[in-house]
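**Student:** In the order they appear, the protein sequences are chains A and B.
Residues 1346 to 1690 in our numbering are what the first sequence lists, from first letter to last.
Residues 111 to 394 in our numbering are what the second sequence lists, from first letter to last.
The hints are simulated quantities; they were obtained by calculation from the structure and are not laboratory data.
For each residue, glycine too, the CB sits at the ideal point set by N, CA and C.
Keep in mind that the hints are not guaranteed to be accurate.
Distance ranges between label pairs, derived from CB positions [to be verified]: (1) Arg159/B with Tyr1682/A: 53 to 59 Å; (2) Asp163/B with Thr1659/A: 42 to 48 Å; (3) Leu1660/A with Tyr288/B: 26 to 32 Å; (4) Ile1373/A with Arg211/B: 53 to 59 Å; (5) His352/B with Tyr1485/A: 45 to 51 Å; (6) Leu1467/A with Leu254/B: 54 to 60 Å; (7) Lys205/B with Ile1373/A: 45 to 51 Å.
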Amino acid sequence: MPAGVFKETYRADMAHLRYPIHYAGLLIGSVLALTAPLYLKGYYLDQAILFMIFLIAAVGLNITLGLAGLVSLAHAALMGAGAYTVALLALKAGVNAILAIPLAGLAAAGLGFILSLPSFKLKGYYLAMASLAAQFILEYIYSLIAPEQYISIPFETKEIAGIFFGEGIPLYYLALAITIVLLLAAANIARGSLGRAMKAVRDNDVAAEIVGINVTMTKALAFTIGGFYAGVAGGLYALYSAGVGWEGFTLLVSIELLGMVLIGGPGRVVWGSMLGVLVLKTGWTNLESSLNPLLTGMGLDIIASTAKYIVLGTLIAVFIILEPEGLIAVLRRIKEYLRLWPYSY
Amino acid sequence: MGGTRLSYDIESWKVDRVWDKGDLYRKKEYERETLVRTEHILVEFGGIRAVDDVSIKVDRGEILGIIGPNGAGKTSLLNVISGFYKPKHGKVYYKGVDITRLPPHLRVKLGISRTFQHSELFMGMNVIENIMTGLHPWRKGNTLSYALWTPGVMKWEEWAREKAEHVIDLLDLHEYRYHIVGSLPPGVQKRVDLARALAQDPEVVFMDEPMAGLTREEKEDLVRAIIEVYETRGITFVLVEHDLEVVTDICDRIIVMDFGKVIAEGRPDEVVNHPLVVKAYLGG
Ligand SMILES: Nc1ncnc2c1ncn2[C@@H]1O[C@H](COP(=O)(O)OP(=O)(O)OP(=O)(O)O)[C@@H](O)[C@H]1O
Ligand SMILES: [Mg+2]
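The following block holds chain B by itself, in its conformation from the complex (with noise of 0.2 Å):
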């Protein structure tokens, strides 16, 4: 990503592009590469069809926002494309390689790293410990190195918890460092989450309804920090959200799901006034 192309104030939930729109687009269009393609995924719970016939894609950066009911289907798709689980038709590219068979940990070698819509940090240790787990991929060396803590190890250590603190710097975790991380508020949990995810140095970081619970002034440092990533570091996002408001504030694109179903897509501005969207929402 080159320069700085947003601007934001956060008190009235505005923000806008310092280009225009198509200006914007058509620079886009030019640097475009797809990252992740899914093709007609099926995911299927006991005859409920979570995930029906999906084809989404993502490309490299956009903020894109996926939206939709409870029950949508959402975070199934999420699962999917991490690799949690394995649709029973259909297939997920990466930068046009086929990942459908990859586990989750290879993807997140490849550069595709998430956040949970339940939490799913590791309560009992303290956020660089959190954060430094998820550097877990790129571990090397053995038991018996680790027992002896060999040069090697030692020097391992010191990369992870090099990345560990630069994320905590990227999101302002300092105070928090060797807090327990079931001891903090839902807010910092969260951003705990999204460090831990971009410790991992990714390309694109799927994150699952992270507003859900948060406070307003959480909702605000979060969107803050969201922007200031993708800013500074041209990481791509998807959005998992219920909160309208911020995915039409934030994404530059927008896909509605509906019972497995995707079924509008497009700029924020045309997704909220579709008709099949209104219905979803407000009849619904």
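The shape of chain A in the complex, shown without the other chains (with noise of 0.2 Å):
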């Protein structure tokens, strides 16, 4: 906060757009976001929802991780959740899978709470273990429910109105206008009440207790809120596939959610989740499959598919112990460092 600001009023001060930057940065975004399908086209557009989907679920993550503190290993599982759920419905019940992500959103906040049950006891490491218990165990239910091959969604259940949801422009622009909304709806979370409830909780359990913090319900809240983004994220997820499978919902893909979270900016749930997803999600796969042909080339296939979770893990470790606060922290210095240039002090 540089010295000499001072908003006219406290609403000014938690109103989401505080500075003329803020404002110029809305309208950039807005406009960029809304015309993106003018020049994004066929892979680059896919590029765009699938960075939406996982900014929803590493959002998710992000409350239950950043702002609470409770470390959940089985963030992709609550995905799935959300994944299966639409495409079931729409399979065996022939509901509209556009409709249905509502419902996929409220099956991962059920998933959600249950996961929540052993925070009310365990922390770190304990909580972690027990995450990545329930991550296997719901792999392993997955992979019972269509054991061989994907459930396809039929396809009439991805149209409203005749227009077909499953790719392209209207699905980018479903999935952006679910982006926003969520997004809107954290930012609120993390500004109000509840959000310094749920960072009390992370920092300090017994003085929340104190002041008065439902510690255990902020607990279930918080895997309750994040399961809800993972569950839409999910059942955007499943509109976009051509099928459903577990293998989206590895224990991997919890890691890499848990990476975004971490590297771009725990407790920062917009923009932190934004970097992380940004750097992991669109940077990586672009970096990947310009570099993939080379690696094989040179014959270090082995290097190439596992590359990715070295450097994934590297990163991690990385941030965890020299930049806890993620790259929104590298950028806010670098930015500071720019204000304050040339006097380096």
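Hey, can you piece these two chains together into the complex? The hints should help.
**Tutor:** Printed below as a string of structure tokens:
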């Protein structure tokens, strides 16, 4: 916070848009987001859709992990719950897949609540182990649902009023609308007393209890809300994919999501998550697709297939140790440096 | 509380009443009301009696000191009063009402606030957030209304922010508003801790060793802040302290504990010369 900048009212100070740069960012961001389909085609539009899907999931995990400090290695499994909800409802009951997305959120929220139960007693590593177990159990259950093949969702359930929402521009705008709503809600949760309660539980659960925060309920909420986001993301993923299979929601995906939050900026639910997904999903996918042929050409196929997880693991470790506040803090420091430049103090 | 009753010369650690003590006490007699009273409190930890049959009372408008050597049971007693420990025996009353079973945050709502010996602040949150967290017991609205940021939520958040800003003024914390508490020096953290308690509009504040670990300058700042709040807001203070000098200078009355028991009680000058106290502090 630069010295000498004072807001007229507390309301203005609490607003999402506080500085001219915020308004400029909103303007540029909305124009870019709304016009993206004009210049992003095919593969790149898919990338944009996947970015939003993983952004929603990462924001959910950022609420659970970043705000409330509850480690979850089962976030991908929660996404899976959303995806399977949409797929099964569409396939077995003929429910419209788009309309099933809120139900996917609710189903995963319920599962998130169940996952929160161990957190009432366990912390840190033990909680992580509990969620790991949950991830494996859920993966197993998913593999039982459709053992050999993907569940493919009937095309006609992906339509509303004759518009097919399973790909391309309609899916892009659907995902954009959902993303905007959920990001706003997350930012609201973070800036209000609920967000403070979560952070209080994260920082010092004993003191949180003393100031009258219901620690158990707050933990349950953090998991439940996180689950809701994961479920909606999974539901969108089901809409986007030709078929839903358990391979999309493995432990590795959970770890990727964890990496997005930890590297992007834990506790910074919107911007931190965005950075994390941008680097680890969008950035990585494109890097991979350009590097892989090169590595394979040099006969280094093994490196090509494992490089991702070596780098991801290293990055997570480096950030936890050196920059626990994530990339967003690095950006802030750069900004501060530029603001004060050429005076380095 | 009526007009100013204190003057203090912080340099020489002397805090004197403007009115003579007799007058002050007479006046207090007149408006005396017991805020907090404990009756035969017993707290045990695996056979150790941390608090052993302690009955004390705290009157409105006084600054009460509780002193005693390490492990005397001061913090445990405070934990019972603030509701964090359940006593094995005994009762806690607030304005004559039995609150022994009341959870901590409801005691806060009644008007009993406290600070902590070992900082119980939220180290990853900034100063404003820390103070506003103290207002949690008054929170309104559910998850959905927070996600939607309804007008009701907005209004409550503004109200809470105003309260926070008020104590930020009172304790001169302006420059630290947006600082992450974990990065602040201990002296400022103690002030934030006090600010969080004061934002709750308490009638009585229990402070657990507020001076511990502070430099002389930081102590002076904190004493000045406490006295200013005492004067302007009429808040009753209970100071648990190791620093005898501070306690004897600013307290009206002192309770001395040792091995879980109250061994002496009275005015500062009476207490410091009490043989048991001398023994506990020097002979122990
Ligand atoms: N949670 C606890 N579990 C076990 N023993 C405890 C606990 N809290 C306090 N005790 C014990 O109770 C006794 C009183 O401790 P307490 O912290 O109340 O003393 P104190 O007067 O505040 O001491 P200090 O001046 O060191 O802060 C000590 O023997 C302490 O070891
Ligand atoms: Mg103590």
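**Student:** Look at each hint and say if it fits the structure.
**Tutor:** Results for each hint:
In this structure, Arg159/B and Tyr1682/A meet the distance hint of 53 to 59 Å, their C-beta atoms being roughly 58 Å apart. Between Asp163/B and Thr1659/A the Cβ separation comes to about 60 Å, which falls outside the hinted range of 42 to 48 Å. Between Leu1660/A and Tyr288/B, the C-beta spacing of about 29 Å keeps the proposed range 26 to 32 Å intact. Take Ile1373/A and Arg211/B: their Cβ atoms lie about 57 Å apart, and the range 53 to 59 Å holds.
For His352/B and Tyr1485/A, the Cβ-Cβ distance of about 58 Å falls outside the hinted range of 45 to 51 Å, so the restraint is violated. For Leu1467/A and Leu254/B, the Cβ-Cβ distance of about 28 Å falls outside the hinted range of 54 to 60 Å, so the restraint is violated. Between Lys205/B and Ile1373/A the CB atoms are about 59 Å apart, so this pair departs from the stated range of 45 to 51 Å.
Hints 2, 5, 6, 7, counting from the list given before, are not met by this structure.
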